[in-house]
Amino acid sequence: MEAILAIAIGVLASAGVWLLLRGRTFQVVMGLTLLSYAVNLFIFSTGRLSVDKEPVLLGPLGATLQHYDDPLPQALVLTAIVIGFAMTALLLVVTMALRGLSGNDHVDGIHAPPGPRDGQDPAP
Amino acid sequence: MTTALGFLTTSDHLVVAPILLPMLSAALMLLMGTERYRLQAVFGVIATSLGLLLSILLLLRVQRGGADATVAVYLAGNWKSPFGIALAADRLSAFMLVIAHAVALAGLVFSTARWQRVGVFFHPLYQLQLMGLAGAFLTADLFNLFVFFEILLAASYGLLLHGSGGARVQAGMHYVALNLAASSLFLVGAALVYGSTGTLSMADLAQRIPHLLPGDASLVRTGAALLAVTFLTKAAAWPLNFWLVRAYAAATPPSAALFAIMSKVGLYALLRLGTLCFPGADGNLVLMGMGLATMVFGIVGLLASQRLAYLAGYALLVSSGTVLTAIGLDRPGLTAAALYYLASSTLAASAFLLLTDLVERWRNGGAVFAPQQRAAEAPFLGRDLKPMDGIDLDETQEQPTGRMLPTPNALVGVAFVLCALVLAGLPPLSGFTAKFALLSSLLNPLGLGRGVTDVAGIAGQSNTPGVAGWVFVALLVLTGFAGLLGFARAGMRNFWAATGRGVPRLRWVECAPIAVLLAGNIALTVFGGQALKYLDETAIALRRPQAYIQALMGARPAPGASASQKAAP
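Chains as they are written, first to last, in the numbering used here: chain A, 18 to 141; chain B, 836 to 1404.
Treat the hints as calculated values from the structure; they're not laboratory data. Every value quoted in this text rests on a predicted model; they were computed, and no experiment measured them. Every residue gets a Cβ at the ideal spot worked out from N, C-alpha and C, and that includes glycine. Some hints could be false.
Only part of the chain B face toward chain A is listed, based on derived beta-carbon distances under 7 Å [claimed, not checked]:
{"hint": "1", "residue": "Phe978"}
{"hint": "2", "residue": "Val1004"}
{"hint": "3", "residue": "Gln1005"}
{"hint": "4", "residue": "Met1008"}
{"hint": "5", "residue": "Leu1022"}
{"hint": "6", "residue": "Val1023"}
{"hint": "7", "residue": "Gly1030"}
The following block holds chain A by itself, in its conformation from the complex (with noise of 0.2 Å):
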């Protein structure tokens, strides 16, 4: 289970890191959003993964914390994706008026110069 999360983490954030990087506002969105739920998953694992343990809310089982799962993390990731939520749907706003103010969907308001993957269309 630890591999299989890990492994999805890696590649969220890895895909993420690379849309970031790339030129077109689009493709950054994409990027922070990736990049947000791979830190998500993140936080959630700092509970550590188990299986069928209880809430603390749930009555005494037995004299240590070890039956029981962390809440803390689940409300730390609540937190955490409603603000990474609001924060997206700010920057979608901000790149649809750059496009519109700039006319074309660069990060830098510029029209780069036709490359080999993104230069389908040269005319703004």
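Place chain B on chain A using the hints.
Chain B alone, transformed into the frame defined by chain A:
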């Protein structure tokens, strides 16, 4: 009145007040609707003045305990300390709060002249940014620090985009994307710290980190490094600072004035967590190196920039780099001097960013050339390097004796000179005092009047600056020189070589904030002794975090509270 004041200064509710006040006023402003600028402005000025008053009260309160600082603790939700979220105000927090509120008040008054009307929701966003700043300075919980960072960043996105336009949206896009990435790093760092220590309370962290198993300790160090990268991005340390100058130059001047304190939040967080949780960390070397690199970057920028707003941005970079290097060198005297420098340069940079607006407007109204199109050219030479029409560089023009310098010109010029003096660190203002304090504590760490050789090693520290110290000394002198050159050139372009433009129209609400910020600098100079004494005690208290930890861990929930407290273990 006196009893109310007494209640405020003794009760710990004072700690949460600077956060609640802007939050409530922002909420009320939203209810007023988008069109009622004047009402919102009055409300905002009252709330921010009240916030300034509360911060000063807080400062007076924590000052009482001497170097063994009094720490005011507020337990949010009345939970026992390591389990609930706590707010704590010590000398450093109160000091930063006062500067933030002073700068915010000046920017807010300035905005009422016209900038508040170029977009909607200026005032609520301004209050929310203030709330985020106050929260970041006051919180004693790592995740809460993240939340307050996000509040201040979300508000700053809005303030940066206030007024819209291509340049702002462009700079805003970079700024938002970069800060979202930095926030991801913050979350990973905080998660690593929580996963390996099991706590997020800073005081609890400070107690647990020395006793961790080696495996967990290395995870905590990784988390701390990620947190530091986030804070360094906020503090605009090289190479994470390419966003700052463009963003600050694009923002509307009142927002930019408030942003001058925002880059200090990262420095505050570095200082707070560094001294509390990771004392003597080996990251200090990296901090120092990045600080020195930032100073070099700022020097090059100061020499290269033509626009006034860029000059202000690079001056802010230099000040960030200076404080960062001082934090990295990690000596109490140097920390105190750096904090004094931080206050002085922040006030002056804010005043300069506001002044930039007046000068640019003066250039745009009635100047013979459109400055934004020909900003890179010499002002009195044409494209072919011949004198422009109507300007004769030889002495055949009208005699200069007959015309008086109009008063508004002189006022703007004097304000410019004062800002330049502080930012370049020349006497007689606080910039010089700050640089002198920095150099003196570098070269003679045990204080003026003590011999250098006979007391070596008494305090367990070396008496010589070391290689990094000497580089720092050289760069400090060089920043002064570069700043002087940059500001002198900008002054000549904008004041002496200005032809064919009228007298600037000044309004009281625009001049008063600049005057007050500069008066703050003069006050810092005149009361430099008291300020440095306070900051010396601050630096010593930072080196002895036990008082902070004990105040936080020993805080008891208020009696007679709800059942939630009984449920706490």
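Task: Interface restraint verdict for Val1023 (chain B) against chain A (beta-carbon cut-off 7 Å) - done: Cβ of Val1023 (chain B) sits 6 Å from chain A, so the hint holds.
Open item on the list: Would the hint on Gln1005 (chain B) be counted as holding, given a Cβ-Cβ threshold of 7 Å to chain A?
Closed with: holds, 5 Å
- [ ] Hold the hint about Gly1030 (chain B) up to the distance rule: shortest CB distance to chain A must be less than 7 Å.
- [x] Since the shortest Cβ distance to chain A is 3 Å, the answer is holds.
Open item on the list: Min Cβ distance, Phe978 (chain B) to chain A: is it shorter than 7 Å?
Closed with: holds, 6 Å
Open item on the list: Restraint: Val1004 (chain B) near chain A, CB-CB cut 7 Å. Satisfied or not?
Closed with: holds, 5 Å
Open item on the list: Given a cut of 7 Å on the nearest C-beta pair, is the interface hint for Met1008 (chain B) held or broken against chain A?
Closed with: Holds: closest Cβ of chain A sits about 5 Å from Met1008 (chain B), inside 7 Å.
- [ ] Return the status of the interface hint for Leu1022 (chain B): holds when the least beta-carbon distance to chain A is below 7 Å, violated otherwise.
- [x] holds, 5 Å
Of the numbered hints listed earlier, not one is contradicted by the structure.
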